[in-house]
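> This is what each chain is made of:
Number of protein chains: 2
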Amino acid sequence: MGDYAINEENKVRRLREKARYDQDTVHGVLDAGLVAHVAFLQDGRPFVMPMIYGREGETLYLHGGSKARIIKLLESGAPVCVNVTLLDGLVAARSAFSSSMNYRSATIFGTGSLVEGESEKLRTLKIISDHTFPGRWEELRAPLDSEIKQTGVVGLHIESASAKISEGPPDDEDFDYDIPVWAGVLPIVNQLGTAEDDPRLLTGVSLSPSIAALEGTRR
Amino acid sequence: MGDYAINEENKVRRLREKARYDQDTVHGVLDAGLVAHVAFLQDGRPFVMPMIYGREGETLYLHGGSKARIIKLLESGAPVCVNVTLLDGLVAARSAFSSSMNYRSATIFGTGSLVEGESEKLRTLKIISDHTFPGRWEELRAPLDSEIKQTGVVGLHIESASAKISEGPPDDEDFDYDIPVWAGVLPIVNQLGTAEDDPRLLTGVSLSPSIAALEGTRR
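Chains as they are written, first to last, in my numbering: chain A, 1 to 219; chain B, 1 to 219.
Just chain A, with the same shape it has in the complex (with noise of 0.2 Å):
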């Protein structure tokens, strides 16, 4: 695995020593997430929506109906910044101005095409179930061709790309080290919890394997 070239576009501007290029750091931020967060431009103002979605190389697949506003400016090409952030702590320091969060986040740039074709599409979707619940693809009927008609895939190519990761204990500045307040971390825990039946679940349907194994992880 390499780097992704540093250009202007994903250049880290402020705290550069907690930057990142090389495709394995990006790759496991995005991997870790839930959640992205896709910018683009609508009537030449600034938009953020939060999306599912799932990884495969340099391709980050996205979904939604297949007349949304944000499927149809996805699949004209136009430029897209996606960010997903994970929250791991709060840096509890010694001032104000040193206090901080530690986290990894990932950005992302690129232009998105039309997932076309069937076979690809399912394809394709099976990525983002697989992102969200894997194994759980397998456990459930397949797509109906109507329910494949008004979905709208698209692939999203990562021309450029950054990761930005704070981690440890509090950066406080010298002169602060003596005053004797309590300084440290507060973890931020993101669990899956225990699994909540349906309430029209069938008598005698019990939890799946995938959903199981899901079940008290970290996310």
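Just so you know, these hints were derived from the structure itself, not from any lab.
These numbers come from a predicted model, not from an experiment.
Hints may be right or wrong, so weigh each one.
Stated by the list, open to error - Going by beta-carbon spacing under 8 Å, a handful of chain A positions derived as facing chain B:
| hint | residue |
| --- | --- |
| 1 | Arg13 |
| 2 | Tyr21 |
| 3 | Ile52 |
| 4 | Gly64 |
| 5 | Phe133 |
| 6 | Ile179 |
| 7 | Pro187 |
| 8 | Leu202 |
| 9 | Ser206 |
Said to hold, decoys possible - Covered stretches of chain B (chain A as the covering partner; in silico rule of three or more C-beta atoms under 8 Å from a C-beta of chain A):
| hint | stretch |
| --- | --- |
| 10 | 23-37 |
| 11 | 74-88 |
| 12 | 117-123 |
| 13 | 177-190 |
| 14 | 195-201 |
| 15 | 213-219 |
Where is the CB? At the ideal position from N, CA and C, for every residue including glycine.
Starting from the structure of chain A, add chain B where the hints point.
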């Protein structure tokens, strides 16, 4: 508290039954979140960046280095779109098509202006600090003049906004309820864990009240 007027910008296009336009709901989502995704234009292209924030009335306060690109852009009054999304659960339906997530999401549109004057800057920096760390500001030394100078604070006036709330069990197609597959919700729990001491903590300094109050709370 009233409603935001519905216009072409803030109108929710998909899953309209989940849309909310009342200030209470929008403020509630903003107040519950830890990170805002701020979208803006740079050289005619969309960018999105995660930022810490705080809210007072109809103003969202953002901060950064006083010479940071994002602060320069925000203070120029350029149009900005901000989204805050909280994920509450993975919704495992009886089909991939009906599977989704439960979430609370708020999107605001506005323009920024620079916060000027040392006392107003301090007041609004405290709003941002209180959002993440209620009560911490009073436990810390006063910000230095140099720190205040290095920090740019921008007030983003909420010109229009909407929220989208998705909750409850899966909403399957009528003909799918007879399929003997498990369906339900996997809750996503975002919780602050046990505070971890800074390795350079002075001997005898114990957890401060503001941090102790946050331990174990849900965010």
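> Now, for every hint given, state plainly whether the structure supports it.
Hints, one by one, checked against the model:
1. Arg13: Where the cut-off is 8 Å and the nearest Cβ of chain B is about 6 Å from arginine 13 of chain A, the hint holds.
2. Tyr21: violated (17 Å)
3. Ile52: holds (7 Å)
4. Gly64: The hint holds - glycine 64 of chain A has a Cβ within 8 Å of chain B, the shortest such distance being about 7 Å.
5. Phe133: This interface hint holds because 7 Å falls under the 8 Å limit.
6. Ile179: holds (6 Å)
7. Pro187: With Cβ-Cβ at 4 Å, under 8 Å, it holds.
8. Leu202: Status holds, d = 5 Å.
9. Ser206: Given a least distance of 7 Å, the restraint on serine 206 of chain A holds.
10. 23-37: Check passed, 3 qualifying residues.
11. 74-88: holds (count 7)
12. 117-123: violated (count 0)
13. 177-190: Coverage by chain A holds for the stretch 177-190 of chain B (14 residues, Cβ < 8 Å).
14. 195-201: holds (count 7)
15. 213-219: holds (count 3)
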